[in-house]
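As given, the protein sequences belong to chains A and B, one line each in that order. Under my numbering, think of the first position of the first sequence as 1, with each following residue one higher. Under my numbering, think of the first position of the second sequence as 560, with each following residue one higher.
These aren't lab readings, by the way, just hints derived from the structure by calculation. These numbers were taken from a predicted model, which means no experiment stands behind them.
Per the computed footprint, the stretches of chain A lying under chain B, defined by three or more beta-carbons under 8 Å from a beta-carbon of chain B, are: (1) 59-70; (2) 91-105; (3) 169-175; (4) 199-211; (5) 293-306; (6) 381-392; (7) 416-429.
Glycine included, C-beta positions come from ideal geometry on N, C-alpha and C.
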Amino acid sequence: MTKPRTLRAPPPPKRFGWPLASSSCLALLLAVSAAVGACADIEEAPPPPPNLPTVAPQSGAPRLSIAQYRNAVRDLFGASVVVPAALEPDTSLSGFVSIGSAQSAISPRGVEQYEEAAYAIAEQALSTQAQKAALVPCTPKNPTDEECARAFVETLGRRVWRRPLAGDEVTQLAAVVTGAGKTLGDFYQGAAFGIAALLQAPSFLYRPIVGEADSTSPSGKRLSNYEMASRLSFFLWNSTPDDALLDAAERGELTQPQAVRREAERLLEDPRARLAFRNFVTEYLRLDLLDALSKDPTIFTYYSPDLGPAAREETLLNFETLAFDRQTDFRDVFISQRTFVNSKLASMYQVAAPAADGFAEVTLPADVPRRGLLGQISFLSLYAHPTSSSATLRGKVVRSVLLCGEIPPPPVDVNTAIPEPSPNAATLRDRVKIHLEDPFCASCHLKMDPIGLGLENFDGIGRYRATDNGATIDASGELDGAEFGGPVELAYTVRNHPDLGPCFTRRVYQYATSFVEKAADDDAIAALAARFEANGFKVKDLLLDIATSPGFLLAGEAP
Amino acid sequence: MKTKKLDRRTVLRGLMGGAAVAIGLPALEIFLNDNGTAYAGADSFPKRFGIFFWGNGNLPDKWVPAGNGPEWELTEQLMPLAAVKEHITVVSGMKVATGNSVPHGSGPVGMLSGAPYPIGDETTFAVPSIDQVIANEIGKDSRFKSIEVGVQPDAYSLSYNGPHSVNPPETSPAALFKRIFGPGFVLPGQNTTPDPKLALRQSVLDAVKSDAERLQQKLGSADKARLEQHLEGVRGLEKQIQKMQENPPSLEACLVPAEPKPEYPEVDGRPPLSEISRVMSDIIVMALACDQTRVFSHWFSSPVNNTLYPDATAGHHQLTHDEPDPQPQVNSIVLYTMTELAYLVNALNAVKEGESTLLDHMALLVTSDVSYGRAHSIEEYPILIAGSANGALKKGVHYKSPASENTSKVLLTLSRAMGLVFDSYGQGAGLVNSSLSAIEV
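Full structure from sequences and hints, please.
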């Protein structure tokens, strides 16, 4: 195996330090997010060091994504409840559904679909005696038992709306329950209409991040206790808070960073945290698009519609195992020679298929230069054309998504034709020569194509090939000053790129907050990135640090 | 209530290739206007509006006809429309004037809204698209304010209510059928029996509205507007509940179309676009004939789509950029698309309403995201109009712009033809104060 070459000199080590914008308890706790002591000594805190990172927190009201809606219904009513498939499609903005959900508005059709889903769920949620007993905390005396209706709405409402209900809210919803109970002659049928109301209400469908006054916060506002419960659980579980988290909010603990950290640590030990991290990776790499992969089966004879979902599972297992089981340097996901395959993927990677159905961990063949994420079928097939590979698409994702580099949109009014393969130009490298030689094209394509050409040994669905149209593929190149001889060295070059960790930090931060950060957040993100590096690039530590960072705890002005 | 005896219902079985299920109903009364009284004459049927959109443009040399005014010849790419030529107006030589900063984005946003693509933003509209501007006026009283359908499996829509407020298309024919002709559909002539659950649904919506309004008070202006859009959807549901409690007018041409197949799987990695488009068109036509909606958009394919068409050697978008001239495969895809447009126009034209047809009572705007795809050009923009909007528009003419006029003029013409009283249309460089009088009656 080739040894990775050294990149340009690594950045000088940064001292990690959180803002001590004031001498408040909050600021000190932010400064030492781990192992914090009591707040008693706050007033004696040392004077803030110079050049403090500050943040520009933002407020809003993200709407639940499809995954969040489904997860919340599962956690509220049980895994047996089937949510209808048709919900308003998620909107991805700035690379994340999490961000699109805070900016996009729902269509009339989407509101119709919420209504259909709410009744379908409500009908299932009270269909057995056990469910009735679990959701209704009293025995109704008659179909219009108002006292029981109020108790039901109050108890379930707190869980569904993730906050206690106000008196007038209880009154109106209880009237829905008793009104329907009267018409239908049955309390529980009436209660189903109450569930339908709770689930269609914006208090369930939106997650307000409005905040409450906090004189110690630089923005003057922090998230309220219940807002924090929601933000934390939707970040770390991609789902609704459990009773323990709501209870912590009720006790007023979630405006205190050490309690937030304690809860975050608890949440990360739950299996839901793995699902949530998978959701992040899916959004980060747009793995959702693997469901609609378009590949010409006459060219790619290994292609079948089950390839995309299998390839996604492979990538998610790699990320999940690294972050939650091995708990080692996340950058190793780019160089690993181990991966997870089912029988479909095994045939394409030319390794033995797992004995049982499903996925098993394997070591990739030594004689094929395939390593890590950039060698996985998910990445290689998604960032390619239906009938061919694409150096530009692959390079663009590495440059913009993984390294946070900027690439302007393609120009208009230019001839973008790539010549057909010919004896003089058989490989893609020869055919896209103009991209790198014409200064007009090269100004952008130099940022993308050399990376993608390093992956030309993999065709449009990720199968290995040594030649293209009969000519040997040259997969050497250079990335920001580091030369590589082929895909394995490229994998190490990306893994060791100084922008990889900071960019990953920025991406998780955006995802966690549901907003595109402001320039004023840059120092805070840099500090998180430095700590990520200092901690050996461990994902769980990064998630904890972000969950207790000012950009996550503080509220700001609403747009 | 006034009623008007109509001719025997047009039987659509032949037109729809046997797909339609005829439901025999006596002709009792025709469309009601907003006052609940019947429209007086054949030409007083309500106006309808539609968009047919495809992605990745055309080949202008093979598209723009010779001739001007009523005398013009079909070109290679318009040939599939031969049977409906007399109903098609070609508008050529126009330019999207709002700039071309984002390939495949600037063109359709400028074309469909008359306003520039918002700077630094991702695909969105600064103002509502033309279909929603019109729907806000003529769609208020129908069960659905507008219907959006997509044909490609991953088609998206460019029907916008405002910034980041898209109306996603229904891409499943079965789901579209269920939405329009499923349990919420009341057959014309059928007397409704009051369902007590409708009142309960309404009480739930009242609680939802109260909650939305309370939440709005806590939010900033942008989020308030997002909640207002949500409330707009709730009011749409209330309209549907109201319609289910009314006895609908009998509509001569209203039939329940055949129920589509649950799935339309790919064949050799290629989606059966023709079959899906025709099923969608049949449902849309009956949604209009049954007055379930008065505005629709048919998103046949999306900007930048890389769909594999039958016999194509690469995806559509890749072909527009890489296929050598004269791009025979790109040409075939435009012909394929125009064949499906012809099916839709034919189906609209086959529905008899009073003395004329459904097509005559509407305007259909046909356009794309670019003209010449390889260069992302937004000059010589592809624009067709079908239907006369109850006689407000000329039919079957070619308007050749003498001086690269602003495409917003088409939007001003169409909105006026729909009865909107506008002095101007568009924003910034897209703003126009005059319409295309040459195609107006």
